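Kindly generate the complete structure, drawing on both the sequences and the hints.
These protein sequence lines map, in sequence, to chains A and B.
Under full-length UniProt numbering, the first residue of the first sequence is numbered 1, with each subsequent residue one higher.
Under full-length UniProt numbering, the first residue of the second sequence is numbered 1, with each subsequent residue one higher.
Bear in mind the hints are in silico, worked out from the structure with no lab data behind them.
These numbers come from a predicted model, not from an experiment.
Mixed in with the good hints, there may be bad ones.
Below, in silico cross-link-like pairs of lysine to any residue (SDA-like), each with a Cα-Cα straight-line distance of 25 angstroms or less [what the hints assert, rightly or not]:
#1 A:K21 <-> B:A229
#2 A:K21 <-> B:I186
#3 A:K21 <-> B:F169
#4 A:K21 <-> B:V35
#5 A:K21 <-> A:V32
#6 A:K21 <-> B:D173
#7 A:K21 <-> B:T175
#8 A:K189 <-> A:L212
#9 A:K21 <-> A:D11
#10 A:K21 <-> B:G89
#11 A:K189 <-> A:Q100
#12 A:K189 <-> A:E200
#13 A:K21 <-> B:V240
#14 A:K21 <-> B:A167
#15 A:K21 <-> B:A16
#16 A:K21 <-> B:S88
#17 A:K21 <-> B:L171
#18 A:K21 <-> A:G45
#19 A:K189 <-> A:G155
#20 A:K189 <-> A:L145
#21 A:K189 <-> A:G45
Label pairs and their in silico Cβ distance ranges [stated by the list, open to error]:
#22 A:E10 <-> B:L205: 54 to 64 angstroms
#23 A:R111 <-> B:V244: 55 to 65 angstroms
#24 B:A239 <-> A:R26: 48 to 58 angstroms
#25 A:E10 <-> B:L171: 30 to 40 angstroms
Beta carbons are placed, not taken as given, at the ideal position from N, Cα and C, and that holds for glycine.
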Amino acid sequence: MGTQALIRFEDVEKVFQVRRKAGRLRRERHEVRAVDGISFEVPRGEMVGYIGPNGAGKSTSVKMLTGILMPSAGRVTVAGIDPSRERLRLARRIGVVFGQRTTLWWDLPLRDSYELVRRMYRVPDARYRANLDRCVELLDLADLLDVPVRQLSLGQRMRGDIAAALLPDPEVLYLDEPTIGLDVISKAKVRDFLREVNAEHGTTVLLTTHDLTDIEQLCRRVMVIDHGRLVYDGGLAGLHAIGDSERVLVVDFDRELPPVEVDGVRSVRVEGPRQWLRFPASASAAPLVARLAARYPLVDLSVREPAIEDVIGRMCAGSQGL
Amino acid sequence: MRLYAAVLVRGFRRYATYRTATLAGVFTNTVFGFVIAYTYIALWRVRPHLGGYDLGQAVTFVWLGQAMLMTTALFGGFEAELIDRIRSGDVATDLYRPADLQLWWLARDIGRAGFHLLGRGVLPMAAGGLFFPLVWPASPGVWAAFLLAVALGVVISFALRYLVALAAFWLLDGTGIVLLASLAAIFFSGMLLPLTVFPGALGVLARALPWSALLQVPADVYLGRDTGARLASALGFQAVWAVVLLGAGRLVQSAATRRVVVQGG
Ligand SMILES: Nc1ncnc2c1ncn2[C@@H]1O[C@H](COP(=O)(O)OP(=O)(O)OP(=O)(O)O)[C@@H](O)[C@H]1O
Ligand SMILES: [Mg+2]
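Put into structure tokens, the structure is as follows:
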């Protein structure tokens, strides 16, 4: 990778000193290791998922990537810049959406906030108009542009915030729970939009979410963190292998049969002519199907993938889950 | 700079949308103007030339106070919103934008003050002029000097309140200090009584504190009491406070930023 990496984390740590009440007057200092030695690289143009249970250190990582938090140890580099040293120089090149926070001006129509974004990031006129048109179309903002932000619903505001982050054509986009609280339709819109931005502009995207459908639909690569450590970094498929999960083959025979006995599968349920067969997620389904078809009167079949939630839940066992 | 001009315009426009609220405010200012004007008249009958003002000047002072109350935000303004952003952590999102936090809020507040000068200043002053023999500036030069003094007062008012708001980075509860700052502004600006009325050390102190720039100084400029060298020193007094307080705001802002960036708020 080397020079190709746009985002780089090298043994990054973030330790918070917190003071807690211990008894009436005494206050105890203790440390929270929010990020505890994480390293990874994200090449330009990639869209990666950054997931893990509550308190895993996701938002803390994103804050270090924007420069509003300085790592306690290790090194963060984004587009060759150390974010916390040169926060404002980096600011022109990144887009950030914290789902829980807004950068929009509360009392004014969306359009005004966008005008200010245009000035702040010095977006050329033609570029600005093209980007705004695209955002308005894909995020369905046409009817919202003249509504004061405080009157927008959560989902509308979120779409407004995402558009604001993308108007200046950032090279990198960090999204911290951008689909939190959105309905199915808004989520689909946001996902389509992000896919298009990534495909058309090669925008590098780091996406944090608790909705794993976001990840499944958008990211080929996923990083799982737990207790401040990177516990998985790779493809979605590999996640299943690591989490030693199982897939389910649902088969229909032409008549009722006793539970099948074939190497590599386990019959876990029988319902008339239909049976549910479990097999390791890492195994290929085709030879199994061939073996089954050779010995049984197979009529129909389908394969069910394991729920990714289960996989990650098992990986981060001991935490609160996703 | 064009960014901050755009912010200023929107700060103005934000208030311009609330027409009913503005009219209600004008009504309140006018009622208070009447009540306080009659109180002053009673007082000045007993003690003519109190604080060096004749009756006409004293009554004009009252109406100037009502007209400038909102402009120099004696009851406070944007602080509540900034404090909210600090306490909720939203302020962090302001830090990764390529804009300066202090200039951003200053531009907003100047826009707001501009609206309040027109929307909440002109009408009460006109109402006062209808019913009381007010003093009017003798020349365009005095008007210009007055507007400059008001502008400096607005900046000083902003700078003071910005410091108050930034205290929220360190204090768990910002309401106490906001209230305290507002009381100080009302008393030391001359809103209750012209500062020239206070004798001795209290008077000297009151006139040296930055709050006097919010009403006392502009009012004296308006009344034509400060001309020539005295005018220059009055405006200079304001300018020095503006620079000092804005500078203090920058220092505190960078300490606050460091705190957020290093410790996480
Ligand atoms: N400013 C801070 N001061 C002290 N502790 C903090 C601070 N910010 C975060 N933490 C702690 O660091 C840990 C990681 O928090 P972080 O917000 O990064 O988690 P997260 O992965 O984003 O979780 P979630 O899914 O709930 O958003 C938590 O234990 C949290 O309490
Ligand atoms: Mg988080």
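>> Hints numbered earlier in the text: which of these fail when held up against the supplied structure?
In response: 1, 2, 4, 9, 13, 15, 18, 23
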